[in-house]
Amino acid sequence: MTTQPPADVLREAKKGSAELVILALLEDTPRHGYELAARIEHDSDGALSYNFASLYATLYKLEGRGWIHGRWVEKTGQRRRRYYRLTAAGAAVLGRQRDEWKQFVLALGRLAGISFA
Amino acid sequence: MSEWTMRVRRHLKERGTELSDAVIEELADHLEDAWDARPASAAGADPDAFAADAMRRADVMALVQRAAAPSPPAPEPGNGSALSGLGGELRHTLRLLRRAPAFTAAVVAVLALGIGATTTAFELVYSALLAPLPYPDAERLVMVWEHNVTRNRPRNVISPGNYFAWSERTTSLESSGVFSPTVGNLAGDGGLPEEIRGVVVQPQILGMVGARPLAGRLFVAGDAEPGAPRTILISEGLWQRRFGAAADAVGRTVVMNGEPATIVGVLPADFRLVSYRGDFWRPVVIPPEARTTFRGRSLLSIAKLRPGIAPEAAQQELAAVFDGLVREHPEFNTGWTINVVPLREQLTSETRPALWVLFGAVVAVLLIACANVAALLLVRATGRRHEMAVKVSLGARPMHLARQLFLETMLLVGAGGVLGALLARILTRVVSTTAREAGVPLVTDGTLGGAALTFAVAITAVTALACGIGPALRARRASVNDALREGGRGGVGSRQRLRGWLVAGEVAAAMLILSGAALLGRSYAALQDVDPGFNPQQVLTARVSRMGTAAQKSQVAFADAVVARLRTLPGVTGAAVTSFLPLDGNLGIGSSFRLADRPEPAPGESPVADYRPVTPGYFATLQIPLRQGRDFSDADVEGRPRVAIVNEAFVRRLSADVSPLGRRLADSLGETQEIVGVVGDVTLAGLNAEQRPTIYLPLAQLPVGAMTFVVRTAAGEPDALGRAVAAVIREVDPNQPVSDIRPLDEVVSRSLIRPRVASAALGLFAAAALLLAAIGVYGVVAYGVSQRRSEFGVRLALGAQPGDVVRLVLRQSLVMVLGGVLVGAALAVPLSATLRSMLFGVGPGDPGTLAAVAALLVAAGLLASYVPARRGTRVDPVSALRAE
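Chains as they are written, first to last, in this note's numbering: chain G, 8 to 124; chain R, 670 to 1553.
Please keep in mind that the hints were generated in silico from the structure rather than gathered at the bench.
Yeah, the Cβ is synthetic: ideal placement off N, Cα and C, and Gly gets one too.
There may be inaccurate statements among the hints.
[Stated by the list, open to error] Capping the alpha-carbon separation at 25 Å, the derived lysine to any residue pairs in SDA-like fashion look like this: (1) G:Lys-82 x R:Ser-671; (2) G:Lys-82 x R:Glu-672; (3) G:Lys-82 x R:Asp-690; (4) G:Lys-109 x G:Ala-96; (5) G:Lys-109 x G:Ala-98; (6) R:Lys-682 x G:Ala-98; (7) R:Lys-1222 x R:Leu-1500; (8) R:Lys-682 x G:Ala-96; (9) G:Lys-82 x R:Met-675; (10) G:Lys-82 x R:Asp-702; (11) G:Lys-109 x G:Ala-99; (12) G:Lys-82 x R:Lys-682.
[To be verified] Not everything, but these chain R residues come out facing chain G in the computed CB check (under 8 Å): (13) Val-692; (14) Asp-698; (15) His-699; (16) Asp-702; (17) Arg-707; (18) Asp-717; (19) Ala-718; (20) Ala-721; (21) Asp-722; (22) Ala-727; (23) Val-729; (24) Leu-732; (25) Ile-978.
Input sequences plus hints: build the corresponding full structure.
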């Protein structure tokens, strides 16, 4: 990986980060799609934002892998919404991906001179 | 439906895409939430425009792919519905196969041919060599022969005197009996007189082999007493053909060989004694004096061992008993012993080598077919490598992919197996019908037995494993890595090497079959080149048997009358009679003799000659050259001095120093004959048999009952004469049946039926092997060239000539082909030794033959490589590089 140009790394990183971010946001509490999008945009101060269709594509992919689980919930006085929660398998993946991500960021830092001191 | 849902739907419709209701609802929710949370600056915006704008920017296609074909949830280990998964995979695999009809058809066809041919060969081998024999306690049944040690004839017919002596003294046998094939003239039932084949048997034999009559009874001991009323059993076939399956046929009296005989029973159509089938069975009547006569051997003997006695033990015990007979009758038995042959060996020893060779060849063809299929599957797997890797990256597990590939192979091989079994059914019927018409003994009745079907299933399973394991193993190793390295060449090299090995193996197997076929082909050609010693062209033959006392007494007069009339037929240039036709399989009379003026040789050392009664004009009719002396004349009849004509082999054997003319022969019956002529050698037993001393006697001085008329015509088809000859015979004796009216050249060519069938069958398989191997070479080279397009492009761009590229490709395929040829040749030398008994005029492992076959294979391999190699030179360097 260290032999690839940084531009590629970034593209890969952004692709990979979406899954990580979604899993992380679902770690503590179930959320619906719009809530996830809003949190991502808000928490990253707009640095990370996703086309909303891509967001759902990613959600279905994660659900297909059994990492998250979505179900329709009707709360009183609200519209029916689909809430996603992290599964046990998803939690395991999240733990693993966090480790990988750390290593990736370290590598990125060495390459690009970025440091998270 | 909410208005937001409507907005999403409207937009999807404009884009011509569809999504499931749940997804649409979720998107609508999202848009509504976003709308509700819109910044104050957009307070007055239009919700339709807002939705349209969001949807336009949305990457709907990603969603379509994901939502339309969601990857199935990865099953937890040990928690998947294997069955429902299998059903889905089956449908998926069938879809994939339907999408590649050429590939599917090629694989199924190759497999069906391979499995069909192998199953057919198995049915032949099984029914002939392995299937249970149709007799109770068959493993205890043996044939007992006399074995002439000095003349190396281990299966000689036996003498009645010896038989009665050893059958009474032995302790190894529970029961035994003698029998002999015969022919009979059937008349007296209103039909035309007819010559039918039959067997004379001692009554106890039929019970011993478990014969059960369809109607009536078997023989009883009394039927074989001298003077008992004559009885016969008839076959189911004769019963239907001649008696219309009449219920009252049993009990009828017919005229058999001129004497009345009563039908006492009907035997089922499939009944045979050892290999002998008969349309009639007659009890053998052995006069009391025969029990003490030690002169002449003429009978066959079958026996049943006592329970617990092995054939080897019986052999030892009977040989000891026979030693006593040698001491008692040294003049007759010196040089002889006894030979106990288990029934199965008796039935199969003649065809066994040919059948195993055939089976081996077919299995080799199947192996080549498998190698080709495996290579095809590898190519397909290579083509789908990227697809596989993408699937892995999308979460498919490699094991799952391996299973899918294996399922594909199973489907292909299964289809091949089913078609192959159907093909085998047809082939078995065709082969058994053809063989029966050609007179080649096969045990199969033309239906595919349970054992053969089991074999077909087993071989299909083995084939599936052999063909499918390679690609499946490779799929298991598919990785995401492959997907990311798009256009990468990883794994191609080793795969190509594996295919190279497969093809080299095919070439080796083809080399084996081709050398076997070439050796048999050369043997057959050598047999055809053998000069039989007579000219079979333009000669018609017709056989009659003078059976019964009256007919035998009038034999000479009958023969003279018929020959005289035959000579007057238009176009006939010669006519005569011989008792035994050369090359028709009937060896006739063999007997010992000596020169009367020489001392009697020691017991067992008398020379043996074939005795052939003939009429004057026989040698001229068959154009057998008269070397010395004279032909028989009409004056050489009973009551006149006895005369003989000998062949050149006889002269070489006995009297190369002096002229044989005028010398006297003494035969084993105590008669003497003066040698009046010498004729050229004639092959009697077979074109590949050695020339044996032969003594011709005038039929008038030794009438033996059996006669074949030979008629030479000046021109035209001898067949046309057939009816005229039959008419002449009927004119002379209306009760005399005629059989086997056929041209002499047909008799000669029929004698070559076995080598012809063997070399043709092996030749057919060799052609298939050559073709399949060439296809294999072509496939591997064509694929290699397609993988190296850019390399060739670079070479050509750097100034290489097209010839250089062709040479490069040919050199590499030559290594592969030569490797296979060398391995094949190394195996062919020892394996061709199994053909030894079928070879004539060429040795096993003949270097010239092997070299020729090797050259043929190399040429075929180079040709199969040249076509794709030329294609490699037509690469446009620029486009090849751009593709990179």
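Here is what the structure says about each hint:
no., hint, result
1, G:Lys-82 x R:Ser-671, "holds (17 Å)"
2, G:Lys-82 x R:Glu-672, "holds (20 Å)"
3, G:Lys-82 x R:Asp-690, "holds (20 Å)"
4, G:Lys-109 x G:Ala-96, "holds (20 Å)"
5, G:Lys-109 x G:Ala-98, "holds (17 Å)"
6, R:Lys-682 x G:Ala-98, "violated (38 Å)"
7, R:Lys-1222 x R:Leu-1500, "violated (56 Å)"
8, R:Lys-682 x G:Ala-96, "violated (37 Å)"
9, G:Lys-82 x R:Met-675, "holds (23 Å)"
10, G:Lys-82 x R:Asp-702, "holds (15 Å)"
11, G:Lys-109 x G:Ala-99, "holds (16 Å)"
12, G:Lys-82 x R:Lys-682, "violated (31 Å)"
13, Val-692, "holds (7 Å)"
14, Asp-698, "holds (6 Å)"
15, His-699, "holds (5 Å)"
16, Asp-702, "holds (4 Å)"
17, Arg-707, "violated (12 Å)"
18, Asp-717, "violated (17 Å)"
19, Ala-718, "violated (16 Å)"
20, Ala-721, "violated (14 Å)"
21, Asp-722, "violated (12 Å)"
22, Ala-727, "holds (4 Å)"
23, Val-729, "holds (5 Å)"
24, Leu-732, "holds (5 Å)"
25, Ile-978, "violated (73 Å)"
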